[in-house]
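Student: For reference, the chains in residue letters:
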Amino acid sequence: MRLSAIRAKLTAICGSRAVLHSKEDLLLYEYDAGLARARPDFVVFPSTTEQVAAVVALASESGLPVVARGAGTGLSGGAIPRSGGIVLAFARMNRILEVDVANQRAVVQPGVVNLELSEHVRPLGFYFAPDPSSQKACTIGGNVAENSGGPHTLASGVTVNHVTGLEVVLADGRIVELGGKSSEAAGYDLTGFFVGSEGTLGITTKIMVKLTRVPEHVSTLLAIYNDVRDAGNTVVEITSAGITPAALEMMDGWTLRAVEAAAHAGYPQDAAAVLLIELEGLRETVDEQVLAVEAACARQNAREVRIAQNDAERQRLWYGRKNAFAAIGRISPSYYTQDGVIPRTRIPQTLEHIQQVAARYSLTIGNVFHAGDGNLHPLILFDDRSPAETEKSIQAGKEILQYCISVGGSLTGEHGVGIEKRDLMPMLFSDEELQVMRRLREALNPRGTLNPEKLIPGARTCMEIRTPQFPGVVS
Amino acid sequence: MIAAEHKLHAAPAEVATPAGESEAAEILRECSRFKTAVVPCGSGLHQHIGLAPQPPFVALKSERLTQVEYYDPGDLTIGVGAGMTLRELDALVKPHGQWLPVLAFPDRASGGNATIGGLLATAMHGPLKHAFGGVREFCIGVRFVTGDGMRAKGGGRVVKNVAGYDLMKLLIGSYGTLGVITSASFKLFPRPRQTATFVCRFPGLQNAMAVRDALMASPLAPLALEIISPGAAALLHGHADDAGWRVLLRASGSDQQLARYRDHLGNAASAELTGEDEAAAWSLLENFESALPPDAVVVAVSCPLSDVAQVLRSAERAALERKISWAGIGRACTGSLLIAFLGGSRPEQSISAVHALRASAPPSANAVIRRCPDSLKAGIALWQLREGELEIMRTFKNALDPAWILNRGRYFV
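In order, the protein sequences belong to chains A and B. Residue numbering for the first sequence follows the working numbering, beginning at 1 and increasing consecutively. Residue numbering for the second sequence follows the working numbering, beginning at 1 and increasing consecutively.
No lab work stands behind these hints, which were simulated from the structure alone. Note that beta-carbon positions come from the ideal geometry of N, C-alpha and C, so glycine has one too. A portion of the hints provided could be inaccurate.
Now the in silico label distances, taken between C-beta atoms and shown as ranges [stated by the list, open to error]:
id, chain 1, residue 1, chain 2, residue 2, range
1, B, A378, A, P426, 58 to 66 Å
2, B, G74, A, A359, 25 to 33 Å
3, A, Q309, B, G74, 28 to 36 Å
4, B, N398, A, S362, 49 to 57 Å
5, A, A137, B, Q67, 54 to 62 Å
6, B, A280, A, R299, 25 to 33 Å
7, A, M427, B, K35, 33 to 41 Å
8, B, T274, A, E313, 54 to 62 Å
9, A, R330, B, P362, 52 to 60 Å
Cβ-to-Cβ under 10 Å is the rule here; a few derived chain B residues that face chain A [to be verified]:
id, residue
10, P73
11, A123
12, R136
13, A152
14, P192
15, D277
16, S364
17, N366
18, L390
19, L400
Work out the full structure, taking the sequences as your base and the hints as a guide.
Tutor: Quick look at the structure:
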């Protein structure tokens, strides 16, 4: 099928105002928040599940890739149409369909912004627990595709722990419902398996999520250290004491200073590291845990522990953390956010290793991360106008990940594999293990049209699924 | 205390006890080549679920896969072989003040004999599901061998990980139809240092549900909240001392925290149990299924929270109409109920009650038959599977067990 014929069909399915095809319109969809770039042939804005199904079926018939896109805040290239094709943008499927307080569930379309759901149900005493740093912009459909986490997933779990049902469009355009409002369904846990499959098994068109009750009491502490190792040891000390904070975040000294210059959160300028610790629950529980955490910090040589006295102070402490990435943007033309995971007992030695890598590559690397679950976010500063420097930062990132894996960790904790880490997967999985994943993908995505060239390396290439009359790849 | 285990229905043609993953892979490659059926087997605790696999088959036992792969208490993570029992795992982590929150008393409940492989294959859970969710929420890695002998892996050792497909989710609750689990990793939790259990008794279900609703609207976060039907209470305690419904609520924390629960429940709580009394009460509940008479027909119902009362009423009516007794317990705040129909010498009445329960329960509820006399299994759908999902299940089955040798016939055909 020629592109012009496909355009006519897409217009017939979704209407002419829902299909972009001119080069200048498509340029905006070459990007997400990661490093990869590629231009789609079409961007389509479906309004209904049936439209999604018709577009996916058309893509399957014509062998054209189809890639779902929420807000484009992903960091691993999940929404990038690596070999062109159709981008399904969910901006118009952004309704909260149902809030079912009695069952502590909400049913949403994939384009609903993460924070909007929480704000919508907060007057009822609930919120949606997964809170990626991009929650003001990112969509719940994207959260489902990537199995997103966030600072508060330490105690409450990541996206998959909060999804009980999905409506999914399969590669051939079939619409199926998986799971439901119950906490468990008969048969395989297909809902759980689809979450985090990065759009390679189907396209989500409806999501049933758990709503979590807003805690009675919250307390936020800032522990300040002169030695980054003490901060790392405090993390283990707190969890070993039987306390699971709602959030346990760490920032190193370099990041602190960068953030403070931009956000004025009141962070100390001369510290080597801080821990931002949030405790929530029953008032009595939180009060006791605050004392225990303070004592743990003191035992690990914290020079000061500040406790937010009110909500404004609490917001201020978090403001710096949530805007850390934006703050780095002020001082470096580009930065590359890594997403390695390590067992939390290995934090001190891993941070040391990261600084050795930084020195070896003559790069600046800051650290702001989810310490409680060992999910590191080294921020590698570079200038993307220099190809050599870009390559250097990618190499440094890879070395850091290699180290994470060598201490028992993983390539990615919450950003996904996508394009960015696809070719690093053999660091973690054997050929045989990858082959099993490939078999599962091919079972549901036999023509390879759903988000091709992502997640699993070395399977079908773009040449196998695309005929050459579809140009559009820019990188 | 520990009930007799349910074993395989038929004698296996052969028993294989691989010493490791590569041996398991070799056995499965061979069986796949000759299309020999394989029944993966741990302690045999759950072998009665589903249709009995037709002989001849090879029993693939996990009894030699009992290694500890790693355990660093500071990380609150552990990796063990599929043949280790919950009781053994508990003994490992208990000295460090940690637990795997599946059973609160694995040393007393027969479920403590369940192996890690069996735990995952059957998505087994108990009253602690209230606070911790099912095993899907805290299994962080799995290694398994596919039907045709490929060595596969999902997840890893860390608590947060999105590298590759979440194969833990696919394997959990797949009843050994997709692969033979060889080892798994878990997130552990701090063991509560002090607990108390509040016993509430009510003349009717309505009162019990009101207490549940008030609790759910409160900031309280108990470890477990279990509803117990009058028949179940009579069965568990061996005598029908009263005809009422019960709610058991177990909370943990300091004296001040426990006081909050006491204040909240007020007059609703008629007794407070600690220590040995508390352990005895919960191990009875964790043992509920194995304490039932052998002819009981048991269904596991999962439903949205607002349908719990309707499901229990449907069960009660179904039993009354057939003049048989019934017993039900369950997690009233997660919608996971276990309902037993006790038709005695008339098991067909129990089956008829299951049909009636399914017909009158809300459409959102799902009733899976966990136990049923073999002779009656052919007459009723054991699993309530929806066509759309079933098709995807078959597709995955083909992908991971192309010769369909694993637990052939148990789950679906």
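Student: State for each hint whether it applies.
Tutor: Against the structure, the hints come out as follows:
Between A378(B) and P426(A) the C-beta distance comes to about 48 Å, which lies outside the given range of 58 to 66 Å. Look at G74(B) against A359(A): about 28 Å separates their beta carbons, and that is inside 25 to 33 Å. In this structure the supplied range 28 to 36 Å holds for Q309(A) paired with G74(B), their Cβ-Cβ distance being about 32 Å. Checked against the hint of 49 to 57 Å, the C-beta distance between N398(B) and S362(A) comes to roughly 52 Å, which is consistent with it.
Separation of A137(A) from Q67(B) is about 46 Å and departs from the stated range, judged on CB atoms against 54 to 62 Å. Take A280(B) and R299(A): their Cβ atoms lie about 39 Å apart, and the range 25 to 33 Å is violated. A beta carbon spacing of about 36 Å between M427(A) and K35(B) agrees with the range 33 to 41 Å that was offered as a hint. Taking 54 to 62 Å as the suggested C-beta distance range, the pair T274(B) and E313(A) does not conform, at roughly 39 Å.
Separated by about 55 Å at the C-beta atoms, R330(A) and P362(B) satisfy the suggested range of 52 to 60 Å. A cut of 10 Å between beta carbons decides the hint on P73(B): the least distance to chain A is about 7 Å, and the hint holds. Against a cut-off of 10 Å between C-beta atoms, the interface hint on A123(B) holds, since the closest Cβ of chain A lies about 7 Å away. This hint holds: R136(B) has a C-beta 6 Å from the nearest C-beta of chain A, less than the 10 Å allowed.
With its C-beta approaching chain A no nearer than about 4 Å, A152(B) sits inside the 10 Å limit, and its interface hint holds. The interface hint given for P192(B) holds, since its Cβ lies 8 Å from the closest Cβ of chain A, which is under the 10 Å cut-off. Because the smallest distance between the Cβ of D277(B) and any Cβ of chain A comes to about 24 Å, over 10 Å, the interface hint for this residue is violated. This hint holds: S364(B) has a C-beta 6 Å from the nearest C-beta of chain A, less than the 10 Å allowed.
This hint holds: N366(B) has a C-beta 5 Å from the nearest C-beta of chain A, less than the 10 Å allowed. Given the 10 Å rule on beta carbons, the hint for L390(B) holds: about 7 Å separates it from the nearest Cβ of chain A. About 7 Å separates the beta-carbon of L400(B) from the nearest beta-carbon of chain A, less than 10 Å, and the hint is met.
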